[in-house]
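Undergrad: So the chains spell out like this:
There are 2 protein chains.
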Amino acid sequence: MPEIRKHPVTREWVIIAAERAKRPSDFGTHDVSPVKAVKDINCPFCPDNESMIPPPVEVLNNQQSEWQIKAIPNKFPALVLDGDINRKDVGIYDTMNGIGAHEIIIETPDHSKSIPKMNDSEMINVIEMYCKRYNELKKDKRFKNIQIFKNYGKIAGASLAHPHSQIIATPFNPPEEWADIRGIKDYLSYRKKCPFCDVVEHERKANVRIVLENESFIATTPYASRFPFEIWIIPKKHSPVFARINDKEINDFALILRGVIGKLSSCLSDPPFNYAIHTAPSNDEDAYNFHWHLEIIPRLTITAGFELGTGVYINIVAPEKAASFLKESSESGATVVPA
Amino acid sequence: MPEIRKHPVTREWVIIAAERAKRPSDFGTHDVSPVKAVKDINCPFCPDNESMIPPPVEVLNNQQSEWQIKAIPNKFPALVLDGDINRKDVGIYDTMNGIGAHEIIIETPDHSKSIPKMNDSEMINVIEMYCKRYNELKKDKRFKNIQIFKNYGKIAGASLAHPHSQIIATPFNPPEEWADIRGIKDYLSYRKKCPFCDVVEHERKANVRIVLENESFIATTPYASRFPFEIWIIPKKHSPVFARINDKEINDFALILRGVIGKLSSCLSDPPFNYAIHTAPSNDEDAYNFHWHLEIIPRLTITAGFELGTGVYINIVAPEKAASFLKESSESGATVVPA
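Taken in sequence, the protein lines are chains A and B. Sequential numbering from 0 applies to the first sequence in numbering that gives the first Met the number 0. Sequential numbering from 0 applies to the second sequence in numbering that gives the first Met the number 0.
Calculated from the structure, these hints are not laboratory results. Misleading hints may appear alongside valid ones.
If chains are identical, the list can't say which one is meant, so a pair holds when it fits in one copy or spans any two.
With a Cα cut of at most 25 Å, we get these calculated DSS-like pairs of lysine-lysine [to be verified]:
1. Lys-21 x Lys-153
2. Lys-138 x Lys-74
3. Lys-87 x Lys-192
4. Lys-5 x Lys-87
5. Lys-236 x Lys-247
6. Lys-87 x Lys-320
7. Lys-184 x Lys-87
8. Lys-87 x Lys-191
9. Lys-5 x Lys-137
10. Lys-140 x Lys-5
11. Lys-74 x Lys-320
12. Lys-143 x Lys-5
13. Lys-204 x Lys-236
14. Lys-192 x Lys-236
My request is simple: use the sequences and hints to build the entire structure.
TA: Below, the structure written as C-alpha cells:
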C-alpha cells in the first residue's frame, strides 16, 4: 500500500507510491553527456574566452597567477544591481523593480571537472567562494535572501556544461524560506526543539536513511522525500547561516557534498540534478532560529499536473530504499552497478 | 529592467525577466507529435482494448450504446481505495496509509481527438464527467480534496497519447489549496472582497491580459504569471465548488476551455501543458469562501535549482505579451504564425 508522510518542518504531505518502485537502473541513462575535453573553444567559461563574459567580481589565483575559481556577474541576469526597488501598487496589484544580484561561480578552469572529479582543495575552493560571495552580497541592505544553487545537466536547467554554480540575491523572502521559518517556529513552540536538530538526532539513531556522515554533517534521504533519491545535507550544529561555517566545517561540508554527488553519479549513471542551500534571511540572520542545510534534487521523474496543481509530490522510490542503494555506491562518481 | 510582481492571492513574488523575451516561435516545436490515427491497437484507452484496463466506474453511451466518455480506476494508482487511514507517529514523524482515489477519464474513443478537435457536445461531456466523478468521490468522507487535472504531452507527464484527464482524491488538504484559502481569508479581512472577484473586475477593466471571455468566465494570463503563457479561467460568479456549475455554465466553461487550449496550440505549435481545477476542500466546501478556477501551465521552460530551492519563479514572457499573442491566435488549434 502507498504511504503518506508528513514533512517534519513544512508539515506538507508527500505520497510515497513505491508500488511503482524502481531500481536505479530503471531510471536509465541521462542527457548529461560525460564531458571529456578539459577545454572547449566555444565555452564562455573556459580559459582564454574571457572576452565572452563580464569581468569577474572575485577570483582565486594559484601561485602562477592562473585562476582557480571565479565569480562573474551573469551576462543575462534575472535581476539587476542598479536602481531603486520602488515598490508600488498597480490597481489591485503590487510590483517592484527587478533589483537583485545574479552571479555565476565558475568552479574550475577545467571544462570536464565535475564535482566527483575535484580534489579536496578544489572542492573546498567552491565552498569558500560560496561563503565569500554570500558575505559580500549581504552587505547590500536591499537584499533579503541570497540563494546559492547549482543546476547540473540540461534537464536540470544548465545551459552550459562547464562546471558552475549560481547565486541570486532577491529583495524579498521566498516562499520556501517562509515555509522553513514557519515550520521551525511552530515546531519550537510545541516540541521546544529545532526540527532540523531533531531530524539529525532521529536519523542517526534510526540509521535507515543516512547516506554519509562525518564529524560536522549528515547526508540523509528525508523521511518525506518529495523526489526519488532526494538528499539533504544537514549540519549537526544548530546554526542559522551557511556562510558562518569555520574552516573545519568547510572541509567537512566540501567532502560530504562531493561524496554524495559522487554516489548519486555512480548509482544513477550521472543524473541531472539541482542543489540549493537553504539559509536564514540575509538581512536578519538571527531572527528566526533557522538551521541552514543543503537540498539535492536529482531530476529523474517529471513533475506533472497533480504536483503543479496541488503542491503535493508523488515519489516512486522510498527514501530508505534510495539510501540503501546510495550507501552501496562509490563516492568516486564512476558508474558501478549496485549489488 | 526586470519586474517583480506579487500574486494577489498567495502573495508570492514572481520575477518577470522579459529582457530574455521570446516570441512564440522561439519556444520551437514540441514532442507532442500530432496523433493522426483515430485508433491505436496498442493503446489501452482505445475501443476493443478494454481487457487491458479495469472496468469503468462511469460511462456515457450514445444511442448505439457505444461509449462516448468513461471514467476508470487508474491501473497503477498513486493512492488506493481500500483500507483505513491509520494515521500514526513514527518517532518524530507522522505517517498515514496511502488511502485515496485515482481515476482516469478517457475523454473520447477517438485516439486522435485532442481538445481543440472536439465538437461542443464532446467538450461538454468532459466537463460533465468531471462534475459527476467529483460528486461521487466527495461522498467518501475520508477525502478532503479532489484534484481534477490533465497532463498533455510527454514533457507534461502524460505517458499515454490517448486524450485523458485524471482525478486524485486525497485524505489531506494540499499546500496549494491552503495557499489559496489563506490568501482569500487575508484579502477578505483587509479589502472586504474575494481576491478572485477583484481580479475578474480589474482584468476586465484593464483589458491587457484577457485572452477570451464569455458570459460566465474570463480567461486571463495572471498578473504574476509564474510560467510563460500561463492562463487562468475564472468564473465571474463567486462560487466555491467547481461541480456546482449549472448547465449554462458547463456550456460556457467547455467552450472557453476548448478555445483557450486551441489558442495555445495554434500560438505555440501544440505545446505540452498541464491544467488543474482549484476548488474548495471537498469535505467542507463552504467553509473558506473559496473561488474555484482552472490554471493552465504550458511546459515551455525548465524549472531549475532557483525555483526548486526558493519556490520563486522566473518568467521570461510578460503576461501582457503572452495575452496579446494568444488573442491573435486561432481557437481551432491549427498552427498559424502569429502576425
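Undergrad: Look at each hint and say if it fits the structure.
TA: Going down the list of hints, with the structure as the test:
1. Lys-21 x Lys-153: Answer is both; intra-copy 23 Å and inter-copy 19 Å each pass.
2. Lys-138 x Lys-74: within (22 Å within a copy, 55 Å between copies)
3. Lys-87 x Lys-192: Between copies only: 21 Å across, 39 Å inside.
4. Lys-5 x Lys-87: For Lys-5 and Lys-87, only the inter-copy Cα distance (11 Å) is at most 25 Å; the intra-copy one is 38 Å.
5. Lys-236 x Lys-247: Answer is within; shortest intra-copy Cα gap is 13 Å, inter-copy 61 Å.
6. Lys-87 x Lys-320: Between. Shortest inter-copy distance 21 Å satisfies the 25 Å Cα cut-off; intra-copy 50 Å does not.
7. Lys-184 x Lys-87: between (30 Å within a copy, 23 Å between copies)
8. Lys-87 x Lys-191: between (40 Å within a copy, 21 Å between copies)
9. Lys-5 x Lys-137: The answer is between: 23 Å across copies meets 25 Å, while 33 Å in one copy does not.
10. Lys-140 x Lys-5: For Lys-140 and Lys-5, only the inter-copy Cα distance (21 Å) is at most 25 Å; the intra-copy one is 36 Å.
11. Lys-74 x Lys-320: Answer is between: at 24 Å across copies they meet the 25 Å cutoff, but 42 Å inside does not.
12. Lys-143 x Lys-5: between (28 Å within a copy, 16 Å between copies)
13. Lys-204 x Lys-236: within (16 Å within a copy, 55 Å between copies)
14. Lys-192 x Lys-236: within (13 Å within a copy, 47 Å between copies)
Violated hints for the displayed structure: none, as all numbered hints are satisfied.
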